Structures are given as structure tokens and as C-alpha cells.
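Listed in order, the protein sequences are those of chains L and R.
Our numbering numbers the first residue of the first sequence as 1 and each following residue consecutively.
Our numbering numbers the first residue of the second sequence as 1001 and each following residue consecutively.
Check before you lean on any hint, since a few could be wrong.
As the list claims (entries may be wrong) - Heads up, simulated SDA-like pairs for lysine to any residue below, C-alpha to C-alpha not over 25 Å straight-line:
#1 L:LYS837 with L:TYR738
#2 R:LYS1346 with L:ASN874
#3 R:LYS1035 with R:GLU1244
#4 L:LYS835 with R:GLN1232
#5 L:LYS887 with R:LYS1346
#6 L:LYS679 with L:ASN629
No lab work stands behind these hints: they were computed from the structure.
Quick caveat, the model's predicted, so the values are computed rather than measured.
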Amino acid sequence: MVVTVFLPPSPSGPGMIKSPPLDIANLISILKQEISEKINLLDLRIDIINNGSFWNEKNVNFALFNKFKRCISHLSKEDEEISNNISKILNEINLEKTDYLIFSIAVLEQFSLQYLISSLCLAQRIKDERKNIKIIFFGNCPEEHSKNIIHNFKFIDAFLSDGNEYSIADYVKNNFKGVSIPGIIYRKENELIFTDEKRKLDLNFFPIPDFSMFDLEKYKSNNKLVLPYELSRGCINNCFFCYYIHKNKKIVFKDLKKVIEELKFLIKTYNPDFFHFMDAEINFDNNYLKELCDVFAKELPDIKWSALAVPNIGYDMLNKLKKAGCIQLRWGVEYGSERMLKIINKKTKPDEIKETLKNSYELGIYNYITLISGLDIEKESDIEETIEFIKEIKPYVDSAKECKYGELGHFSLLRWENLFNEENDKFKPKNERYAEILKKCKIPSEDIIEVMIKKPKISFIINPFTDVVAENIPSSDILSSISQIDDGRINYYDFQSLLDKNKKIKKYMKKIKKRDVVFFRRFINVFFKLIKESDYFLFYIPWWNENLRLSLIQAKLLKNKFSKSKILFFGPSCKLYFRELLNKYMFIDGILVGELEETLKEMNQNKNFFEISNIAYKLGGIHINKIKNISFEKINQIDYSKYFMFLKKYALEKPPFIYYELSRGCINNCFFCSRLTSKELRYKKSEFVFLEIQEIMQKFNIKNFYFLDDAINFNMDYLIKFLDEMIRLDLGIKWSAYAIPKNIDVELLKKLRNAGCVHIRWGVESANPKMQKRISKNLDVNEVSVILKQSHEVGISNQISFITGFPHECILDFDLIIKFIKENRDVVDYINIYKFKPRRDTLIFENPEKFGIKIINDKGIKDEVPFDEFKGLNWEMKTIQQDFLHKKLTEFINGIGILDIDPRLAFLKLINHIPLKDKK
Amino acid sequence: MKSVKIYLTYQCNLNCDYCFVKPSTKKMSKEMLKKILDWFINQEGDEKRICFYGGEPLLCMDLLSDVRSMANEVNYSNKNIQFSDLPTNGILLNKDYLEILKKQRLELSFSLDGDLATHNTHRTKDSKLFYRILRNIELYKKNYAFPRISLTIHPDQAKNFYKNVLWLFSRGLTRLSISPALGQKWRREEIDAFGSNFSKVISFYFKNKTSGKNNIYIKPIEENVKRIIDKQFLENPTCKLGRELAFSPDGDVFACARVMHLENEEFDKKFKLGHIDEKIDLDKMKSFENYRICSDISLDCRYKFPAISCKKICNCLDFKNKKLLSKEDAESMIEIENMMFLLTYKFLKNSNRLK
């Protein structure tokens, strides 16, 4: 004997969500436990939910099943088209060995008119063709309706009337005896057998729901699986308009011990990403809920779940829910009219609802609300009040669903009554009452799971800055991050390039040279003309002084316009001042305090914002999430296509070179260094490197690369292998890299040159041996001179950098830099003089006394931390010293004809005239 | 090379206890002076400044009475020659000397540490001499030029020096040069007293200056103000080490006009550049341009910026014991030097005179 559980196909419609049905999983589990027959599952529904091509290829017209009156007529008088449709469906299934065929007529635990209609049509034909098969209708259909339907449609052998899955198992075991079975109305010959005896529902005796027969891969959205689960069954309310089978009943709860065991089992067996608790409302019993939260936090710290709830939960309880893994609540708001809330006995008030939603939002729980319209008793003023209420709660609502009475879920029984009892289908679908205001408020109507798993829109905003290379060169960490996610909805706005290179924008901005009010106004016009609504706006702040102010203005305006979008700032200094930024600017939702790649991955996976790695945010106090760095071993190849799409979209020229990183991290321990990326040194797989370089060359015809590695010569083995392969491939590229002038011989320099290196940035920093030790750089200035000379001789252009104004630096350091430059004048092409900036998150900041300084007044949002030297200069004099020495050195360098320009500009100059290979 | 210091004699008619000049009666001959002028005036550069030093230069009136014609005689290229103020104790000045000085267009700078009590603490015990100096200053002022006064502040007089400035101003002596006495051991309270007196002098100076009074000048305040405004932070322009020579009365040449009085063999060797009759090592002189005192003395240097005392080896010399001062005493001298600069800076800043 074979029992087949059947999820019939039907057109996609209200309430259809991408989650394996819990009632079926319960039924399968109970059948497996209670009967010895073989059990099959025929899931003809999932292909339709997935908009698959299977049924289209079979030319099945599911729309016919939405013509309810025609389908009901077909049941008494054959409709040829419907009949053909049914034949096509049945051709695809094999019921040969089936003895019991259980039709599921529910969706999301609620009766579904669509599935009833399609099930009736299919069941009739099956019964016609196979008289011996027992047809069972299974779903949450109230007893009165079940009796009515089975009475009228003789091909139905049994109908579940109490919503208890055990009743079905009992029927399969005992129907042949002809005895009454609680919870089942069944046909014995021409007689309907049923009983008023009630079956006791005890969820603690239920076996664990069995999802093993579903093709769960097909139930995944964006590779995420949501499993349904119930903690309780029943509803204490008795709403006059509701047809819910378990309404006005005592709530039956599962013991928490069982809940934990089952959830652990389900997690281990099916590895779901989320659970959705199907309970009519999760907050029937606050004590149970409190205990549940405690036990979840302890036993299931990583669980993420959503649930239905009545919006009358206080902040503390919401906070508990949040800590217990609640990421979304589906709130039965129903009306914003106090009158209607009283009438439907919701036990909530608008102010209370608003407060609940606000608290929930602030705790980072997604708010999905349901609204009702179309009850006969509602007045126009109730709708108007609800519309006003929607405007008030707009900032806190992530998604909203309007349930028109009579259409959705168990409400549709109203229509069934109308359909079945009247000769004509008098049911007129009511107009949506809230659609307009929801649209105006930009509140989407996405279903629960869609809200949880939808891919967010992420926009990167790169603002124009001054004094740096004004070319369309994409930021490497942004591109690398974008490449790590599959099919993300990414927008890339590089305003630096747009302002400089887009003809239209250039024309609009052309008369403005200074960063004055007119510039800002025009720029903001351009900005809002181009920018599209996104879930996340990520502002890149590479240069504190140049980017911060403008970005703050934009961010504030964006937040006003798109209140639900999350605004994030990232960049080296943002990391250092995340507390100040978050405290001062409420419109900033988060600051990136680690590497972008992992953060973007989790963002794209729609992880709860407050749990995304590497983010600091303000919620009451300031919180920092887990720091996760990208593993270069597992990194995907960089996908440059999005960047080039951006260039194409805005008619921008291709960049003269591309930033590229072979490695990330640093082995040095310079006391002044602070970094956004992790210090751990990681190398990219060599095969990716060559593939990426060749792809850039071939696809985009770019042959110049600017390596961003902290030093190209940290790992000599890697470097030599890289150079050898570059020489072998002979790609004809030119590149620039940063290197440490230590342990480099002429042979290596020749190799570098032959591999395309035309420009090396050498960080010398100080010409004073004592200072070299103090800053832990430990360079030997004599060795540096030799390396520079040899590098020059093999045809590499040398750019060196010095830092002035180190703690306890004196005139001697200045003298020695001058001396060094004079001695190496002929072999150095460019020199950069930087001022020492004491920054947070550096060795010197952590241990100031070790370096003879005292940090003072670290309060402002500036790109440096003031300090006094012990027995030395106070901060005021120190800054004067730094400015003075910087000016003097710059004057000196300019005086001897050496350029102090940005290394990227230097490289740009070089690539235009330096030969590809050294002739020497 | 723009300037040269020429010690006409080491001899002096006083015996001030803080004087660093080596005790000697040596006096320069006319031939020697002529030789030095000839050599110096005909070195590169059109501008030539000559500073005569002593001992007491007025003991060499025979040389001074002819100095301009001597200089003109060897000025083959018609260079612009200027003579700096002659530092004098003023005792020997009389009408005849004044006429000579006027004729030679040589002006004087009088060493006067303050009122009678202060001046006579370290210079002379004779009150008659003090009043004679005052009379001579008056004579000079009346018959020739506005006198410049040099106050040397001995540590034990640091607490009185503001009072002495007021006293000098009350006598119409408003062009002052203030210097801490070299080679002394300064105690902490003396340094602090110097600082608080110097602060008062700064306020007093600016109060008078802004009230429009003429002929007010206090060195180093005025120089420091200029340096601060011009952002000349690297070194003290009054120290010309590496850019200037100093001649002893017998023709020896040194890179520093003060080290030559230390009478320390090692330092003589280090700073001596030759003799007018032999070779003068100008390259060696230039090498002192980047001289830093920390190459000779180990210091816990608190004054890395402005670098106004980094070259001033004079702050580290212990003339009495013919060696370098102890580390602590040298640091005190450097502290005073920098204090004068920093207090001036602070005053300018707090009174919103800096933009």
C-alpha cells in the first residue's frame, strides 16, 4: 500500500511563499510513525513558485484554475479546456501504486481557495480513472465547510476537519472498519461518517517535522533556506470575520525542551538559514516567550527566526527577542483606527502599535505589517485614519501587506460560500485602499521570506577630492569586494571621475573652480540626479579633509530622502573616529571598522544590519560587530566588469592604469602606521594574478598597473616567482610598486625592470639611523643609497618618501635628510615629504609613554591625535615644527629641481615616456 | 663672508667676575689690524661688517682713531663697510674720545647691568665709577647718539632685572640688550626668576611700544618677534658660527668669538681656523654652519624646536674651569635662551598678535 501526499499545482497567488509547508512535514512525520505503508510526496507546487519552465513546456494553463465558477461548473459538466489541462498534469504523475491520495488544500497553514479548486478538479478525474484510490482533502478547513464540501463532491473520500495531522493517520489505519474517527469526515459507501468527539491536541507528542521528502534546494531563495516551525497551535481570539480553524481555542504550547531538541535536530539535518514560527501570534503568553528567549540565547545562540506577533510588545521583551535571534516580526497591525481595532477585538491601540514598531525598528528587527481592508463594518473614516497612521509609522516599517477581506487565506472561505451557494460568482474583488499611501511612503509589499532573503541594493559613493590623481581609476578594495559576491545589486558612483570626465557634468560644473557654496549646490544637484534609492549607501572617505564634509552633507540629505536606507562610512580615518562620527551624526547608521569584502558579502546575504561583520553602529551605546578579514586563499577573481559598465554608462574614458594588490597586510611594525585593512600578510593566488592581469589587458586594453601592496618584497620567494612568470609571459605591461630598500641586489632590480617595473616607491622616512630604530623601520641609509643607485642604473624611476615631525625629532633629522637628498640627487626622481600624523590605533597611540609622548585632548574628529613630548615640545610647538620643517624640505627639494608629487601622478608621467624594457 | 669680529685687546680696566674674556694684556698692533682689514674686506661679498671687541676697546683709541682710513685704504673695490657698536664699560669715555669716535663714525654700546646695587655686585665696587659711567652715557647721548645699553644678567640678579629695566627706562635709556651671563651655574629658582622677570619685561616693552614712544628697543625681544613673525625657527641669527670669523689681538683666527676664550686645547684645535699670516681655513669655517652642540655635549634636550640654541656652543662653556659646563648647567643656559623666545611667542599669541 502506498500513501501519496500531493501538493497540486495551481497558479501563483496570494499567500504562496517559498517555504516547505509545515503541515505536510508534520503529516509525513506522523504517517511514517503511525503506519507501515510506503509514503510518497508529489510536490507539483514548487516549480510554479519558482517560475520554472516545467509546466510551461507542457502547455498547462494554470490560469484556468483561477476561474473558480467555471471550475465548479466543470465538476458537474465537463469543460473541455479544463479537462485537457487536467490530462496534461496527470500525464506527468504516476499514481499507479497509490492507495491513499492526500490533497493539500492549504498554504502557509491557511485554507486556500485556489488549491481547493485545483484539487477538486484533479481529484474528480483521478477518482473517475481509479475508483479504488482514497481521496483525502487535507488543510485547515473549518468543520462546517469540510462537511459541506465532502457532502457535495462524492469523489472525496475523507476530509480533515480539526486540523490535526494525527486524524489523517487514524483514518488511513481505521477507515475500513467504518467506525467514527475524531477530526475526520469520511465516506463509507454512500454514508458520511463523523463524530462530535474531539481529538486532544498535544504538540509534545508530535514527532519532529520531516522535510526530507521535499527537494529543499528548490525551496531556497538566494541560496537561503527558511524552514517553518510551530511553538504553539491555536488562537485565543474569536474575531467574527475570521475562519481560522484553531480560533477561539486554548493555546497548546510545545515544551521548550522539546522545542530546543527539535530545532537542534532540524538545524543539524537541514542546515536552514532561518526559521519562521507559524504560531498565530508569538506573544500569546509572555512567560512562555520570556523563557523561550532565555533558552534560545543559551542553547541556540546562532538561530535566526521570524514570527507573527500582535504589536503590543514592550521594549524589554523586544530586546530579549532580538537577543534570542529574532530578525523579523510580522505584526498584525490591521487598522490605524482605534474604533476598528476595538471592533475586531485586537487588544491594541495605535499609539501602542507605533511605539512597538519604533522599538522593534531601533533594535534592528525587520517590521512586516499586515493591514486589513474591506470589512463590511469599516467606515471611510477608519480607512482615512489608517492612512494617516501609515504615514506616522512609515519610518519603522520594512514591508506591508494589505489583506483585502475575502481574498486571502482563510478569509477566502467567504468567497467559497458565495461561489458555492450562488448561481453566479457575485464576489467582486475590493479595491486596495492602502496601495497608494504605501507606494508614496515607499513601503514595499514583499512577503515575509522575500523581506528576509531579498538581495539588498548597495550603492558605493566615491566623492571628488582634490590634490590627487583625477583619473577614472577604480578603488581596488571596492572592486575586490564587489567581486566576492554573486550577482549583487550594486551601483557604483565615482563622482571624482564623473566630475572630471563626463562631458555633460563637466560643462555644468566648469565655471566653479573653488569649493564654494556654488560648487556644493551644483554638486548636490548632480548627485541627486544620478543617485538611485538603495538599501545601503556606502560612502568611501579615503581622504579625511577632502571627503568628509561633502559626504556628511550628502549623507544627511540622502537619509532625509530615503529614511530606511542605511548609511555607512568607510575609510582609514572613519575607522579611527567611528565613535565620534556615530555620536555626532545620527544619520550615519554604521562605520566600517574592518575590511570591506566580508562586510559586503554579509550585506548581500541580507544579514541583519546589526550583525554584519566589521561594522560599528549606535544603538543606545556604540557597538562593534565581529571583525572578519578576507582570506586571500579563498578570494574570488576580481570582476572589473561592473566598473567598466559604470564607465560605459556615463561615457567615461578608460583609466590610464589600474590599482592592483598582490598581497594585503604588512610584516613591519612602524609605530605610526594605522590601517583599515588587517595587518596579517596574505597573498593572492598566483594563478589569479596572471589571469586578472591578462583579463584587464585583453578585455579593457589597459597595460599599466599600480600595485598597492605595502611592500612588494616582503616575501622574496613569491616575488621572484611572480617576476619570473611575468618575464616569461612577456605581457608588455608597465607597473609601479612600493618596496622596502633592504636586501635588494642588482640582479633582483634587473628582474623587476624586465618584468615591467618602471617605478618604485621607497619609504625611507628618516635619514637618521637613530630615528630608523625608533620607528622600527631599521633601514641602513647607506644601503638605501646603494639600492637607489642600482635601481636608477637598471632604468627604474625612484620615488622616495620622508616623514618629518616624528616625536623628539630635532634639527639633526632635518640636516640628515638634506644631506641624504644632496648625496642621492642624481638617482632620485621624485621625493615626497609627509608630516608625521599621530593617529589612533597605532603602536604609538597604544603606548605613548614608550615613545616619550603623552596623548592630549583626543576629542576632535580630526585626522590626527595631539600629543606633548615628555621633556620636549608641546603640541602647539610640535605642529609649528612639522609645518616649518615640511615647508623647508619642500622648498629645498623644489629648489634642486625634484618634484614632490603624488606617486600616482609620477607613474602617470612615467608610463607615457619610459620605455617598456630597459635597454641597458 | 659678511662680518668679522676683531678683538683689539683682551685688556680691560675692570675685572667683572662673570667676564669670559681670557685674562691677558695682549693688544693688537696697527699692522695686524691693517692686515686683517685688508684680508677681510677683500674677501667675497660687497657688504662688510666689522665688529671690534675687547677687553675694553677704548683702551685702543690709537687703533680706533685711524680705523676708517685704514679700512678705506684697503677697500680696493669700494665695498660697503660698516662698523658695529663698540661694546664698552664707558669709564674711559671723554670729550676727546667722543670727537674721535664721531669722526670715525663709531658708536658705542654701554655695559650697564642696572642700578648701582646691581651693577656694582659683579662689575666694580666703586660707586664713583658707576656714576662716572652714567655721566659719560649722558655725555654720549647729549653730544653724539642715543646710547645702547647691554645688561648682563648674573643668576643672582635674575630676580631684579625687571626692576633694573624700569630703572634704566626712567633714566631715558630705552635701547637695551639683555643677555644672561655666560658660563654660570643657574639654579632652578634663578631660572624661574629670570623667566618671570623676562615676562614682565615683554609686557612692559609692548606697552611702551604700542603707546608710540620712540627709541624703544629691547634685544632679544625685538629680534625674537621678527623671527616669530618671519617664521625663522631654525637657528639664532645672532650666532654666526660657520659664517663669521673672530680674530685675536695677535692674529689667530677662530670660528667662534667666544670659544677662543675657553683656553681649552681641544676646543682651540677644533675651532681654530689658522692665522692671518698663515692659511685661514674657510672650508673649516663653513663646516661649522651645520654644527650642533649635541655633537660635543650629551644633553637631554628639551628645545628641539625652534632650533635657536642648537649651534650656540657658547651656552655650554665653563670659562672659569676651561672646559664644558656640566650637562645640567648647559641645559639651564639653553633653557634660558629658549625661554626668552618661547615667552615672547606666548605673549604674541595670547595678545592675538599672531595671525
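Going down the list of hints, with the structure as the test:
no., hint, result
1, L:LYS837 with L:TYR738, "holds, 20 Å"
2, R:LYS1346 with L:ASN874, "holds, 12 Å"
3, R:LYS1035 with R:GLU1244, "holds, 17 Å"
4, L:LYS835 with R:GLN1232, "holds, 19 Å"
5, L:LYS887 with R:LYS1346, "holds, 22 Å"
6, L:LYS679 with L:ASN629, "holds, 10 Å"
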